[in-house]
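For this one, chain F is given, so just place chain S on it according to the hints.
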Amino acid sequence: MADARDREHAAAPSDPALRVQALESLLVEKGLVDRAAIDVLVDLYENKVGPRNGAQVVARAWIDPEFKRRLLADGTAAIAELGFSGQQGEKLTVVESTPSVHNVIVCTLCSCYPWPLLGLPPIWYKSSAYRARTVADPRGVLRELGLEVGNDVEVRVWDSNAASRYLVLPERPLGTETLGEAELAALVTRDAMLGVARVTLPRGDRS
Amino acid sequence: MNGIHDMGGMHGLGEIGYRRDDPAFHAAWEVRVHALVTALAAYGRWRALRPEIEAIPAAEYLRMSYYERWLAALTESIAKSGLAARAEIERGAASAGAQRSVPALTADTARTAALAAPRTELAIRVDPRFRVGQRVRGANLNTPTHTRMPRYTRGKVGVVERSRGVFALPDTDVYFGDPRPQHVYMVRFAARELWGDGASAHDAVYIDMWQDYLEPA
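Protein sequence lines, in the order shown, are assigned to chains F and S. So the first sequence is residues 358 to 564, counted in my numbering. So the second sequence is residues 40 to 256, counted in my numbering.
Bound-form chain S, shown alone:
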């Protein structure tokens, strides 16, 4: 979607606020949100929190801190998937007579689950549409829902550097739709192609793109 989260190339978004020894967490609750996300993902009720994060209205998105967005998306995913009812979430307590589950992760399995190498690459053969060295153009897609194609690549010409293997298309797969297995390609875009003559002639942006995001150039 053409959402506020798709920020590549935007101006006017404030300061980076770089600090050399910046911590990963700003407050103690943030790491607990992170842990809850891992623990609940184990139920497999959602593929990713990203669609819910992207659905946060732009003004709110910009006002919220990073882990507030995670908390909002997690809460929404819990409610939508039926793991807990909205009324229960608002009260912070289970409804009378609600069924008790068995935790997906225990102290013994949590570490292994977090440190296991995930596998989303698909071990199936699909013919690649593009070859290494081929010129490709970002398709003019304005998908209103989740996609991993940043808008700054639309209509821009790049070169396929290598194939990254076969993966499900997140645009559909994230909603448990048709996975549309296809190759993902590492594409090199010259900085001047993306940003005009003001950019350095030497520089480039590399990005992995699903085949459906590309057309021959």
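Next comes chain F alone, as it looks inside the complex:
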């Protein structure tokens, strides 16, 4: 069933798959593009770069206060210590959510997103409605996405338009004191690092 979202994200006047195929063939024929290079890039964006990178950064910050200090002071340098860099990662800025401050990320002009840490953005992040509404009504958007933020908490919206790309350092959930770095990283979701969700323990593990 076609809902508004499917219309925005899928409707096409003509088949773009065929146009891409034709364009790629032309570029290969002209020697502008090496098909093997395209395959490497496709594999990279589809399978290699993704939110597990960001989750490692978050988990490290949770267990290593000195790393966390460096991360908040200069995100790019601290993140490079873990081996992550790349396009859209020139000036990575990590913002910490606490019991009194909640951070959420958006790009109103296009779809700026910290690729090296989260991979490429999910479809909803690029939707017109998310881009339009998050700066003006963050609490309404978060509520719609299932996250209630208390009235005493300051909501900070980061409209990432310039050279910086932002990542939220979410709050570490209670009851995770005994977990190791890898176990902590497994709890951290993409949406928590965008600030539209909290990190929670799997059902059944809550203390």
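Worth flagging that the hints you see were computed from the coordinates, not collected in a lab. Positions of the beta carbon are idealized from the N, C-alpha and C atoms, including for glycine. Be careful, since some hints might not be right.
[Claimed, not checked] A few chain F residues that face chain S, going by a derived Cβ cut-off under 10 Å, partial list only:
#	residue
1	Ala394
2	Ile395
3	Glu403
4	Gln445
5	Val463
6	Pro479
7	Asn508
8	Val510
9	Arg513
Below, chain S without anything else, positioned relative to chain F:
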């Protein structure tokens, strides 16, 4: 430009369509467009696809999916830069006797190119016009071409939180014009300053802004 892409604060744009496990790609061709953009950017014939995306007429922009916009902008950039002729793009085949290039990226260099940290911050000294803690106002700019100043900041007063370093001004630099190196500042705007008394008194929007987008308040 005061384009449809400058969406911050608009109403009536439909549903967010949030799904927890939403994929980055909706169809297999989308990731190939993404890869083609990376591979062709390596020629340095254009600084960004954004001006071409922003030039898509508003009604079409809203009708197109995200990667359809990328495909349209990529196709336009290829034609305008002369990497391929429009007739070749329409036919999907090279013209007879067309010169053959050497690919900018190969399987060996593609990964490194995609994972290299880009450097657009300029290592030159420019005196900052504003200092941390200073009140600034979004300038009343109605640039008809590419800019990174969202219109919701126009005329609004914020506070400089920190300097982000020196960068070329995208408004001119994206067209290979005068780069106008200048400081970029992280500016905090109170939600009520931007959106009125209906907004929460605690909340704020943070945005990095080029110096030319700001004036003292």
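So, going through the hints one by one against the coordinates:
| no. | hint | verdict |
| --- | --- | --- |
| 1 | Ala394 | holds (4 Å) |
| 2 | Ile395 | holds (5 Å) |
| 3 | Glu403 | holds (5 Å) |
| 4 | Gln445 | holds (8 Å) |
| 5 | Val463 | holds (8 Å) |
| 6 | Pro479 | holds (4 Å) |
| 7 | Asn508 | holds (7 Å) |
| 8 | Val510 | holds (7 Å) |
| 9 | Arg513 | holds (6 Å) |
The structure meets every hint from the earlier list without exception.
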